[in-house]
Amino acid sequence: EDKVVQSPLSLVVHEGDTVTLNCSYEVTNFRSLLWYKQEKKAPTFLFMLTSSGIEKKSGRLSSILDKKELFSILNITATQTGDSAIYLCAMNSGGYQKVTFGTGTKLQVIP
Amino acid sequence: DTAVSQTPKYLVTQMGNDKSIKCEQNLGHDTMYWYKQDSKKFLKIMFSYNNKELIINETVPNRFSPKSPDKAHLNLHINSLELGDSAVYFCASSLGIDTSYEQYFGPGTRLTVT
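In the order they appear, the protein sequences are chains A and B. Numbered by my numbering, the letters in the first sequence go through residues 2 to 112 in order. Numbered by my numbering, the letters in the second sequence go through residues 4 to 117 in order.
No lab work stands behind these hints, which were simulated from the structure alone. Computed from a prediction, not measured in an experiment: that's the story for all the values here. Certain hints may be false.
For lysine-lysine, the following DSS-like pairs were computed, each having C-alpha atoms within a straight-line distance of at most 30 Å [what the hints assert, rightly or not]:
1. Lys-69(A) x Lys-41(A)
2. Lys-47(B) x Lys-99(A)
3. Lys-44(B) x Lys-99(A)
4. Lys-57(A) x Lys-38(A)
5. Lys-68(A) x Lys-43(B)
6. Lys-41(A) x Lys-22(B)
7. Lys-58(A) x Lys-22(B)
8. Lys-42(A) x Lys-47(B)
Full structure from sequences and hints, please.
Now the structure itself:
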């Protein structure tokens, strides 16, 4: 069975810190790895990664995938209180859009 | 101009009742999904439809029945509600069934069964 494990489960940092969130996975037919940010309501899409070693970047957020070691990291630099959220890692496997989510990392950024 | 909308946002009902949650997307997407997020925030896929056709049906009790009248709508009907059905239900959509498309989520429906 496909599996996605995120660590840490929760994290408290001060504004301005840099954080690294981890995601490891087990899958039989990997297609893509996704990161979502969930604040109070709907998860919102951040990144989709399909190739190893290619960093995707959006502002202060960046992510990279290692398909050999089966993990991904999400980096957030110069954190702000607005970054407080649950960050979900998910994996798409098989021929169809069958997405398996991890349990998420709850990030709290304090002033 | 909401992309994926769900109604109602909150639903409180008693055990044994039957209820429906509606989902609509105005993105022109072909594929729609239902997810359940439990109290531990674990998001798990329940169903997916592509062009009104059922594609994914995970291990979900028969009491849950999705219906897609057209590709812009995917409703979820739940019979004989149980306490364990209490969760947040998210609808999502994607351009198509190909795994290169990201999914867009609705705001969720918080279902509480008493």
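Taking the hints in turn, this is what the structure says about them:
no.: 1; hint: Lys-69(A) x Lys-41(A); in the structure: violated (34 Å)
no.: 2; hint: Lys-47(B) x Lys-99(A); in the structure: holds (10 Å)
no.: 3; hint: Lys-44(B) x Lys-99(A); in the structure: holds (19 Å)
no.: 4; hint: Lys-57(A) x Lys-38(A); in the structure: holds (15 Å)
no.: 5; hint: Lys-68(A) x Lys-43(B); in the structure: holds (28 Å)
no.: 6; hint: Lys-41(A) x Lys-22(B); in the structure: holds (24 Å)
no.: 7; hint: Lys-58(A) x Lys-22(B); in the structure: violated (42 Å)
no.: 8; hint: Lys-42(A) x Lys-47(B); in the structure: holds (16 Å)
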